[in-house]
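Asks: Numbering (the working numbering), first residue to last: 1 to 169.
Treat the hints with care, since some could be wrong.
[Unchecked claim] Derived DEER-like restraints, expressed as beta-carbon distance ranges:
1. Pro-73 to Thr-169: 36 to 46 Å
2. Gly-34 to Gly-123: 16 to 26 Å
3. Arg-12 to Ser-155: 39 to 49 Å
4. Pro-18 to Met-142: 27 to 37 Å
5. Glu-122 to Pro-24: 18 to 28 Å
Calculated directly from the structure, the hints in this document are not laboratory data. Source: prediction; values computed, not measured. The beta carbon of each residue, even a glycine, is placed where N, CA and C say it ideally should be.
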Amino acid sequence: MTSPHHADPAPRRPSAQPLYFEAPDYYRPQAVDGPAVFLAGGITGAGRWQDHAVTVLHSRPVVVLNPNRAAFPISDPGAAWEQVSWEQHHLHLPTVLTLFWFPASVTVQPIAMFELGQALGEGHRLVVGAHPGFPREPDVHMLCQLARPGLPVYSDLDDVLAAALAQLT
């Protein structure tokens, strides 16, 4: 079995166009592709905020990388490993902009919080937002200000999306 990290390249695309990749399908960057955005942040109990993000981002030829699967195989014991491997691969692509959104939720999104700390510490390009109804919203602000003073933390998803699009131009 071939590792998904070492799969054959994707067929050539003719020009920059909106593209969408959802876990577990791997994105293989090509020179013709537009900028790529990883939709990091809350998944568990958070609704599908990513659907709105895709609609907004695809107003331009942006590659959207979405970890929120339409149907996660919860009964598959290997699915968690496959999911986190997919996320780590795409979070570490060198030209990807990571968009963090922590929506109002009853869960604290521990994996997303870990990924935020990782991205801040590794110096990744990112845009961050936390809804006032997210239980750890003050912590998101604190982490960002300690790691990157002056980095804005938005409280509305549309503001996060506008900031991401501004960074992509």
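Asks: Hint by hint, which ones does the structure fall short of?
Replies: none
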